[in-house]
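Engineer: Here the protein sequences come in this chain order: C and Z.
Just so you know, we're using this note's numbering here: the first sequence kicks off at 1 and counts up by one.
Just so you know, we're using this note's numbering here: the second sequence kicks off at 182 and counts up by one.
Source of the hints: derived by calculation from the structure; they are not laboratory data.
Do not take every clue at face value.
With a straight-line Cα cutoff of 25 Å, these simulated SDA-like cross-link-like pairs (lysine to any residue) come out [to be verified]:
1. K562/Z <-> E589/Z
2. K530/Z <-> A834/Z
3. K169/C <-> K194/Z
4. K562/Z <-> A174/C
5. K194/Z <-> E167/C
6. K759/Z <-> G781/Z
7. K190/Z <-> E179/C
8. K190/Z <-> R45/C
Computed footprint of chain Z on chain C; a stretch qualifies when at least three of its residues, placed anywhere within it, have a C-beta under 8 Å from a C-beta of chain Z [said to hold, decoys possible]:
9. 20-31
10. 39-50
11. 167-176
Source: prediction; values computed, not measured.
Cβ atoms here follow ideal geometry from the backbone N, Cα and C, with glycine treated the same way.
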Amino acid sequence: MIRMGDEDDLLARAAQGGDRAAFAALVERHYDRIHSLAWRLTGRRDAAQDLTQDICAALPAKLIAWRGEARFATWLYRVVVNAAHDQRRRAATHARAADGWGTWELARQDEMSEADAAQDWLMTAMARLSPELRDTVALVLGDEMTQGQAAEVLGLSEGTVAWRMSEVKKRLRALAAEEAK
Amino acid sequence: MTDELDAMKAAMKAAAPLPETEARTAALRLAMENFDRMQASVQGTVPGPRLSSDRPTSEAGVKGVWKMLKQLAGRPALVTATSALALFAVVLVSVPLIQHGPRLIRPAEISQKPDVAPLAQNTLTPNTPTPNAATQAPPKTAAPKVEAPLSSPKVAAGLALPSQTLPSALDEAASGIAAPELDKGAGKDAGTTALNDQSRTIDTPMPAAPPMDAPAVAEGLASGGITLQAIAPQVRFAASPADAMLAAPELGTEAFANAAQNPVHVTAEDPVSTFSADVDTASYAVIRSSLNAGALPPPEAIRIEEMVNYFPYAYPAPTGDQPFAAAISVMPTPWNPGTQLVRIGLQGKMPAIEGRPALNLVFLIDTSGSMEDANKLPLLKQSLRLMLPKLRAEDQVAIVTYAGSAGEVLPPTPASNRAAIEAALDRLDAGGSTAGAEGIELAYQVAKSMARNGAVARVLLATDGDFNVGLSDPEALKTMIESERKSGTYLSVLGFGRGNLDDATMQALAQNGNGTASYIDTLSEAQKVLGDQLTGALFSIADDVKIQVEWNPATVAEYRLIGYETRALRREDFNNDKVDAGEVGAGLQVTALYEITPPGSPALKNDTLRYAPKTDTEGSGELGFLRLRWKAPGVSTSELAEVPITGHEEADADARFAAAIAGFGQLLEGSVYLGDWGWDQAIALAASSKGEDAYGYRAEAVGLMRLGASLSAR
């Protein structure tokens, strides 16, 4: 995201000004990234796809609010994280049926073909983490962001992100210890 | 050192699903369509619904949008009253485009731009779209239906958009916005529930001024204003009302039930005050946990009656067959020399412990991942262990969990088999969540299977705020709890932990289930709630307890009920046995405080009317008349008891302490009725009226008041 940063910003500015091709390029190059972050945040394939589509649909309007204070990519990630949060909250208020990482076990039985040991471990591990920790993991590990960048996306201090990552490490270690038993 | 993280990173890479080509293409196409539509509407070629009467005529394009955006951002500056905020929150919700619920506008930002307020008033009065606009609206996606919620009355109340649709259009509208051609049903549910949620939120009192972030609102509203039709699918992540009105982000996603403070009533106009008894104490525990964590509790978390009712008072026990005795006292109001404070205390009868009926307890325990914190599931387990010795051999306990290890963890077991119960508690594990766990239905089924002659059945729901108990629709949940209540099984809610606590739902469920809502943050609180009050909280002596006071206009010119805002009843509901009210358990107490102003007092808030009929100054000299109605458990007709309030009842340390606590609550609320009376006076009053305080509750309260004083001095 760093390398592409400047170009993204230029495209985004052009799109704000009404440049159709720039907007098309912008969505085209970010779709996969939005999708993969959405998947890491929700833990569910279908949820990730829906979320990505929602974001794409809303992006033209949302883009107006981008003021260039943050890199476009950072801003976009924030949009994705917020959208995932909203979805999660709504799910929590009503049927929490859709907590992806938690219901992995059920999903896995449906999609046996996709399951392998590494995934199982990942799912178990993610299910152990609180939503906040999962978000942090999704950004820091999944997107190879620095903790500073993740902090910017999440609207937190870098220290908080560092603390969360050490917390994640602790939980993973505890999980490993359990598995060793 | 980072092995674990590296492994996770690798696993994440390996597991990431590739986007489906079709979905990708569809999403990209949708993005482009919306882009085009928005460009068109920004440039004014497509007449769309506008939120701004200040048409950007000379500044077409983005610049004009910016202007509108700024004006919209100023909108929250108007919002000071709670009710106005409620409308505002509804706006946020109904324009299905708002994203960041909890972060809306920081109060600091509001105060920095008060000049925006008058502008906002204007900009939010929209142009009525010409018929032209409606017909020319782009026919793609869900456009025609999306207009329905815009013109539905609830939105109209906030945004003043043209009202063309009937109220009943709301549901239709919900499915309309939420079902764009690209969506597959999930969105429909989301939209519908969001709107259901919204209507519930309107009934539920609103917390005051959430911290908000202007740009975020602007972002959401602006996008809403421009391309409402185009980006309908986004409703899938529109904030639910609960999000929009969340207070104190540092507390996470908590929602509190509260209403504006009771106003001063003029006795001549409105002599009768009616409310439902309340023995909940959750608010006090929430306040304590906030203060101990070094933060003033959000004002909407404060329910003064629950603070006052937290403390045990030495009220005289009822005699004979009466389930209640009233303890009335009258004293000068500590914070206002021109008024008096009337304390009405009710003491519930404590039947001989030996005589209590057997209990059938079903614990419905939330074992979702969020319960793993030390102050949640582990505390719950400890709490239940504390309770076990107080149960009797003939009592039965069952445990049902939802989320995670779903199902019946402990079949109905006599309390004498403590080993089995403790073993079941040990097996409880937080983690994961299970789809469709019919937790609450199972709990009620188990309760039914335990039914025995004369036994009292109760479901105790222990949760940190995740009410995914199997019924996703809050209304259906309430209905179910209500019907189970009628068949004799009551529901109590035990709240654990902070950050996710849905206080409003807790209250609603417990009130519908005739149970109590308690918040457990420490083991000693667990002892109080489950241990000391076991018989009381679990064994009702009177249902639908209603309290009505008729004030005498000759001696009381004005009165104000302190607290009980969420418990108010209509005057005519007092005699209506169909109207539900609070339930009082064995030995429990209910305390209510009125501040009354005698005629001629300098403290009167309202001038006397010149043309009002003269009130009869002769007569009894009584201050008022207290009426109580209640039903014996399981009986459908109520009984009535009446006691005059003579004004000669002397106040004791209990009354003064209750007054200090009411003052404490009002200080936290920022009440306008306290005048110069502040923390120091409240602390002095509480400290001087601690009385015996066998359990140290009052000493703790004084400590909390000191914390509150130093926190609010900052």
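Engineer: Among the hints numbered above, which are violated by the structure, and what are their numbers in rising order?
Structural biologist: Violated hint (a single one): 6; every other hint is consistent with the structure.
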